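*Asks:* Here's the letter readout for the chains.
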Amino acid sequence: MSRDTADPGSIAREPGSVTGDSAGATDTPSGDHAGDPRPATYYHLARAVLYREFLIFVRYPANAVGGIVVALFFFGVLFYGGQLLAGQALADSLEGIITGYFLWTLSVGAYSSVSNDIGSEVQWGTLERHITTPFGFAPVALLKGVAKVVRTFLTSAIVLAFMLILTGTRLSLDPITVISIAGLAIVSVLGLGFAAGGITVLYKRIGNWLNLLQFGFIVLISAPVFELPWTRVLPLAHGSALLQRAMVDGVRLWEFGLAELALLVGVAIGYLFGGYLVFHYATRRARRLGVLGDY
Amino acid sequence: MTGPESVFTTPSESSNSAGVTGPPALAIEGVSKRFGSGDDAVLAVDDVSLTVERGSIVGLLGPNGAGKTTLIKCALGIVLPDAGSVRVFGTDVSGSGRRAAYADVDAMLEGARNDYWRLTVRENLRYFATISGVDPNSVADRHDRLLERLDLADKADMAVRDLSRGMKGKVSLASVLAGGAELVFLDEPTLGLDVEGSRTLRRELRRLAVEEGLTVIVSSHDMTTIEAVCDRVVMMASGRIVADDTVTALLSAADRDAVRVTSADIDERLLSTLAQRFDLRAVETDGPRTIVEVGVVGDQLYELMDTLREAAVTIEDVHTVQPDLEDVFMSVTGVETDAIGGIDGRTAGHESMPTPVGDAGGQPS
Chain A
38 MSRDTADPGS IAREPGSVTG DSAGATDTPS GDHAGDPRPA TYYHLARAVL
88 YREFLIFVRY PANAVGGIVV ALFFFGVLFY GGQLLAGQAL ADSLEGIITG
138 YFLWTLSVGA YSSVSNDIGS EVQWGTLERH ITTPFGFAPV ALLKGVAKVV
188 RTFLTSAIVL AFMLILTGTR LSLDPITVIS IAGLAIVSVL GLGFAAGGIT
238 VLYKRIGNWL NLLQFGFIVL ISAPVFELPW TRVLPLAHGS ALLQRAMVDG
288 VRLWEFGLAE LALLVGVAIG YLFGGYLVFH YATRRARRLG VLGDY
Chain B
88 MTGPESVFTT PSESSNSAGV TGPPALAIEG VSKRFGSGDD AVLAVDDVSL
138 TVERGSIVGL LGPNGAGKTT LIKCALGIVL PDAGSVRVFG TDVSGSGRRA
188 AYADVDAMLE GARNDYWRLT VRENLRYFAT ISGVDPNSVA DRHDRLLERL
238 DLADKADMAV RDLSRGMKGK VSLASVLAGG AELVFLDEPT LGLDVEGSRT
288 LRRELRRLAV EEGLTVIVSS HDMTTIEAVC DRVVMMASGR IVADDTVTAL
338 LSAADRDAVR VTSADIDERL LSTLAQRFDL RAVETDGPRT IVEVGVVGDQ
388 LYELMDTLRE AAVTIEDVHT VQPDLEDVFM SVTGVETDAI GGIDGRTAGH
438 ESMPTPVGDA GGQPS
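As they're listed, the protein sequences go chains A and B.
Each number in this note's numbering corresponds to the 1-based position in the first sequence with 37 added.
Each number in this note's numbering corresponds to the 1-based position in the second sequence with 87 added.
Read the hints as simulated data drawn from the structure, not as lab findings.
None of these values were measured; they are calculated from a predicted model.
Every residue gets a Cβ at the ideal spot worked out from N, C-alpha and C, and that includes glycine.
Some hints here could point you the wrong way.
[What the hints assert, rightly or not] Simulated coverage check for chain B against chain A, where a stretch passes if three residues somewhere in it have a Cβ under 8 Å from a Cβ of chain A:
#1 162 to 172
#2 183 to 193
#3 325 to 333
[Stated by the list, open to error] Now the in silico label distances, taken between C-beta atoms and shown as ranges:
#4 B/235 to A/84: 43 to 49 Å
#5 B/110 to A/187: 39 to 45 Å
#6 B/235 to A/95: 24 to 30 Å
#7 A/203 to B/129: 57 to 63 Å
#8 A/326 to B/110: 26 to 32 Å
#9 B/110 to A/111: 56 to 62 Å
#10 B/283 to A/111: 47 to 53 Å
#11 B/138 to A/95: 44 to 50 Å
#12 A/119 to B/224: 38 to 44 Å
#13 A/240 to B/235: 41 to 47 Å
#14 B/224 to A/289: 24 to 30 Å
Same shape as in the complex, but just chain A:
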């Protein structure tokens, strides 16, 4: 029996490992192995992970709706409170605030969904099944992260639309530019989410403490990248600056400098990779200590 992967995109199982039983014969009228289990490819894996996320999203919308309501409530406090306190000064910087708030909701959504998801998987006893998958945990985790980002984009887009209507503000919303820049910006946050998830696996009930990091995103999003260029290598900071130019100034994706985009991609990949490494070593440490899955 072959148990090696036939190719990087598929998990090999023994051809013909399932014989045609009476019911299976219906599936294999010509005696071939059309009714046999076929190996799943990364396509099947992606579809399964994304579909699961979609099902939970549409079947249990309360969480998503709750997130939107909370985000809008905080923005309302920020907007109306700011009007009372700062008046015209707030109006002058409103476009920037909305853009920054949009990126913050994206970041919080991506970070908390990934780190909380890992914590939930630990609690449910399903994390082990994702670690003992023949695909390896990395692609599964990455796809779960992508699913979380897609979901977060949907909810944050709704928040953005409400903010624009509420304030009567207009922003440049070129979909390709906004999705590319914001997407790459929050990939770095995904990395932080994986790292936090890894620490949760190791130390268990510290999720609430790790969620405090979300407020640190405000600092990163408003980092003074022009005065302190080194801050561009921090998560979100450079992406936030580019997103401000895209949404406030109307700069399109292809109008950014190559170096700026390369830095955005580099920071995204760097933090994602770093976060995954932390997760990998945390789970390995948990396996060594025998606490993986113990909750």
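Take the given structure of chain A and dock chain B to it, following the hints.
*Replies:* Frame of chain A, contents of chain B only:
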């Protein structure tokens, strides 16, 4: 090969029928695992070696803390052993072939849901089949049959969270079997189930395992589950294997046959006589009645009855007491299981037949 009701079949089975021998389903060599350090260190698994051939159903029996779960987690690579090696179908799970080995293995771990309660039963099966490396569309009909076997067909499109606890246990089992794994670990599969749910799961588990030719390793401290499901029993205590044989052989070797006699006529003098002449194992009182358990070998049963008749004892009740796995466990370890966490199911393990006896001469019927 498999019968017409087969859900999944296995290469191992076809190999066996063809007379081709492959590597064992599981080969554990000298595995040890210690948790903690210093005075607080616990040696959970102590130099354990175990080979499980393809198609066998093996029970891991032992009290809480015996090392069963740790051994299973070591076999799965979820816990990294300090020493030793684990091979699944010949592939070292700690090596580069770990991922490939996982294509043939799945596990239902103690106390865990193992699936998503917010998804339906069928969605869980499809998801975990994919995660296990199988295109779910290619096994959809087999999933249907699996659900029918486990009486879940009419619940297939219900969210798992809406099912009873027993049903959830079955869904866990179904999701583990959904990917067609050849080697399945079930750690305390009946934990938390009521009597009926536990009985159903045992029955279906045994049936599925035999019909599908799966290699199943069941860990439990419930000996009823082990006796009902397994062909072979590996007993663990304090991290070590203390017995490893078929259920029948272990029970035969226990040498614990005894009778329990209940009578109101058993006095101190008779007890003294019984203790001198027989293996008097236990004496209990129940109101005016005294219950004695006496070990008997060969013709000693007749001698015992003669002794009771000579003492003018009117027997109210006599039971034959046959050994169960707990007795075997106690005999091989010399440890009372109650003292170290207990093995459940003693009562169920005793299949003695009550033998009502009249008072005419005190003769057993």
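*Asks:* Decide, hint by hint, whether the structure agrees.
*Replies:* To see whether the hints hold, each was checked on the structure:
1. 162 to 172: Held - the region 162 to 172 of chain B has 5 residues with a Cβ nearer than 8 Å to chain A, which meets the minimum of three.
2. 183 to 193: With 9 residues close enough to chain A, the hint holds.
3. 325 to 333: Result for this restraint: violated, n = 0.
4. B/235 to A/84: 43 to 49 Å: 26 Å, violated
5. B/110 to A/187: 39 to 45 Å: For residue 110 of chain B and residue 187 of chain A the Cβ distance comes to about 43 Å; the hint holds.
6. B/235 to A/95: 24 to 30 Å: 28 Å, holds
7. A/203 to B/129: 57 to 63 Å: 59 Å, holds
8. A/326 to B/110: 26 to 32 Å: 30 Å, holds
9. B/110 to A/111: 56 to 62 Å: 59 Å, holds
10. B/283 to A/111: 47 to 53 Å: 51 Å, holds
11. B/138 to A/95: 44 to 50 Å: Since the Cβ atoms of residue 138 of chain B and residue 95 of chain A sit about 48 Å apart, the hinted range of 44 to 50 Å holds.
12. A/119 to B/224: 38 to 44 Å: At roughly 54 Å between Cβ atoms, residue 224 of chain B and residue 119 of chain A fall outside 38 to 44 Å, so the hint is violated.
13. A/240 to B/235: 41 to 47 Å: 44 Å, holds
14. B/224 to A/289: 24 to 30 Å: With Cβ atoms ~42 Å apart, the hint is violated.
In summary, the numbered hints that this structure violates are 3, 4, 12 and 14.
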